[in-house]
Amino acid sequence: MTAPLLDVRDASRSFSGLLAVDSVSFGLNEGETVAIIGPNGAGKTTLFNLISGQLAPTGGSIHLRGEAIDRLPPDARARRGIGRTFQVTKPLTGMTALENVMVGTFLHHRGFTESYASAYAILEEVGLAPRAQVQVNELTLSERRRLEVARALGTDPALILLDEVMAGLNATEINAQIELIRQIGARGIAFLLIEHNLEVVRSFSRRVIVLDHGAKIAEGTADEVLSDPAVIEAYLGKQDE
Amino acid sequence: MTAVSMPALASSRPRPPALAASIGWHLLFLLAVGLPIPLLAGDSYWTDVVTMTYLFAGLSCAWNIIGGLGGQFSLGHGVFFAVGAYTTARLYLVAGLSPWLSLPLAAALGVAIALLVSWPTFRLRGPFFAIATMAVNEVGLVLANFMEPLTGGPQGLLIPFRAGFANMIFAERWQSAVLMFGYMSCAVIATLLVRRARLGHYLIAVHANEDAAEAAGVNVLRTKLAGMAISAALTAVGGSLFVMYIRVIDPPNLFSLPEVGVKFALIALIGGIGTVVGPVLGAFVIIPLESWLRGALGDLTPGGHVIVLGIVLILAARFFKQGVYGKAQQLRRSWAARASAP
Amino acid sequence: MNTFLNVLLSGLLLGGIYALVSLGLNLIFGVVRIVNFAQGEFIMVAMYATYACFFFFGMSPYVAVFIIAPGMFLFGIIVQRLLLQPLRDEPLMQVFTTFGLLILMQNVVLAITRGEGKSVAVAASRTVIDLGIMKANAGRVIIFIVTAAIAGALLAFLRYSHAGKVIRAVIQDRDAARLMGINVELTYLLVFGLGAALAGVAGSLLAPIYTLQPQIGGNFILAAFAVVVLGGMGSVAGAYIGGLAVGIVESFAGYYVDPALKQAIWFLIFIAVLVVRPSGLFGRKGTEELGLRQH
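Chains as they are written, first to last, in the numbering used here: chain A, 1161 to 1401; chain B, 8 to 349; chain C, 228 to 522.
In short, the hints are calculated from the structure, not lab data.
The C-beta atom is built at its ideal place from N, Cα and C for all residues, glycine as well.
Check the hints yourself; a few may be wrong.
[As the list claims (entries may be wrong)] Here's a subset of chain C near chain B, in silico, CB distances under 7 Å, partners left out:
| hint | residue |
| --- | --- |
| 1 | 319 |
| 2 | 323 |
| 3 | 330 |
| 4 | 331 |
| 5 | 338 |
| 6 | 399 |
| 7 | 403 |
| 8 | 446 |
| 9 | 449 |
| 10 | 479 |
| 11 | 491 |
| 12 | 492 |
| 13 | 494 |
| 14 | 497 |
| 15 | 498 |
| 16 | 500 |
[What the hints assert, rightly or not] No farther apart than 30 Å at their CA atoms in a straight line, the calculated lysine-lysine pairs in the DSS-like style are these:
| hint | chain 1 | residue 1 | chain 2 | residue 2 |
| --- | --- | --- | --- | --- |
| 17 | C | 489 | C | 392 |
| 18 | B | 334 | A | 1250 |
| 19 | B | 328 | A | 1250 |
| 20 | C | 362 | C | 489 |
| 21 | C | 362 | C | 345 |
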């Protein structure tokens, strides 16, 4: 039984008394894709922030390949293999698409030439190569989302946190995005996704975790979880009165 | 960990721009910028203007590394400038040390002070950082006035004229111009090298979005400190060259925000903040303009030229934030678009 | 002991000045989220305007304030509307703009007055009040009292009036405020105007006790920054108490250390607070937005 890649143990985060994440525990294995779903305000993005390092847990711990990372800053976690995209894209303005990815590839490639080559290869992989020299503020939303994934890929991660990476995309773009992620997944990268789109969730996560009010209320396959009465209640509210 | 991809496509992939070519283009640019030296050698007034233009171009390039690329708006660079000036002047006056030899020391002191001051102030972002650096500048002024044995206090320091290469004091004005041109060229090439390297990309990333940069593995504090250190070192060297050219310094002049601290930023803004050659272009606009204004308005209205500078600053921030370089790029792109249109 | 009390009282009176000078800046920081580098110059201009009223019309500064404050209010609205509102999302350009305003205003006044020092010599400038422990200049005592009154009035305004609630909403979360139908741009305009008006009041009250020089704004702006950082953005109580604190520290430092080093003392306070408690004494959520990290 191999140790999980990511091991979240009783992670909690409170903000002056308000418990945003409440003792959440789960594991994620190498190459696995797990989706995190739940109603708005359930604490999903906060949980992501705890894993990628924008926030430190106020309780519990987080382990990556057995090493406790919960006191490390985001850049140290990136170095250890955690990549991340943001719900509202954060393109690095003032640079081209290629240079954006290079910020990622510079992590493991010190020199300009290797960083450039590695970044260009990634752009090809995500289908943005024709837009390599375009300034990021001229990219469409779909392109910016792909760029975020590309930049995360640049850091050569073992795990990528995808925060609502389909939001704002139309049906065609969503399909393209799903394809892209499947393609990257074939490399052996693990994904943790926050998704509202249940089709997406069903199409490629083996396991789904449901959060409500910061706590984990269900875990299982998509079908198991979506027929769980507790989950239904969380989304629709109590059916009485 | 994971395999990098697709050798089949490698042949169609464009080759990364070569460093040598980049340096080559910039050297050509510098050559063009250096033309005034032989042309104006006879005229004392204009040679002085050109000399100061080169110096401030270099100083602004230095500021631009942390202020433009890194987006950390420092109002405290006057401190590094002063450190360089006082170090070189003091060592020359007291120990007869050739300014050429004190340049590395000035740079090192600049770096030391930059790191000391930046460690607390880099915890702040944006405008708060600007205020903190402004406070640093004011403290520098106070200390310079206070530490008389070191700085000559409020009266400042005076370096007697004794021409000689080792003294870095030149009999012919055009020789000073060449020295400043050399300084500016070093600053430009330094900026180019930083821009191209990992540090440059990290600085721009930090400027654009610290959270996204961190998530991509950038150590934000270390990046800012590295940028600041290089910037401070170059600025201090500029201060050293300045004192040997002008040979008289005092605290109000070294720490004056409109004359020094803010001017570095203004020049970068006008020329193209965050670009490699922007500061040079900006210096060629501001310094001659200022000289001319000082001459035209100086007697009529004290501070008249600063009024114009203030207006320029306000208008530029509103209407011209891309600077000369950015405007030129914009024009080039619209011409290209028009040329390819049916 | 007597000396100690003396220094303390001096510090309090000085603190009253700093509190007065910082109220406007604090409000602008807290609400509009702009660092108004020109705030010191607003005060300086108001001082000179007070002088003009005194010199040309024989008006006492304590009367002129009722013309100058509204005048500055209008000036503030114009600056915000024309210069700063268009740069809403560009903090770097805002810094350039207010800095440009700083050097512009300072040098316009320099050009007009040709650098001659001016003074507004009214009764309050010379009168000395016996406070028992020490004798204090009447002008300073007036400032201390008026500042306390203004701070109190502002607190009441923010807490109880409708406009005050709107302003507090914008301080807490301007996006949420906008979603609730609050006209944030209008709020910015009025608050910037109010901040400028407060600078106007400060200028009028300070005119009797300082010799007017165009560079005098610099004295106030750094102290004001230290106060705002110490007291927390957007907190009136914080600005008031922070002002008193800075005044007291400076008074003690000036007496026991060296008066020439007072700016260094401000800076050290400033940095110490930032390192130890980034959100100031009366910390506000807004400080995080403006970039004081809290991890």
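Hints numbered earlier in the text: which of these fail when held up against the supplied structure?
As far as the earlier hints go, 6, 7, 8, 10, 12, 16, 17 are violated by this structure, in ascending order.
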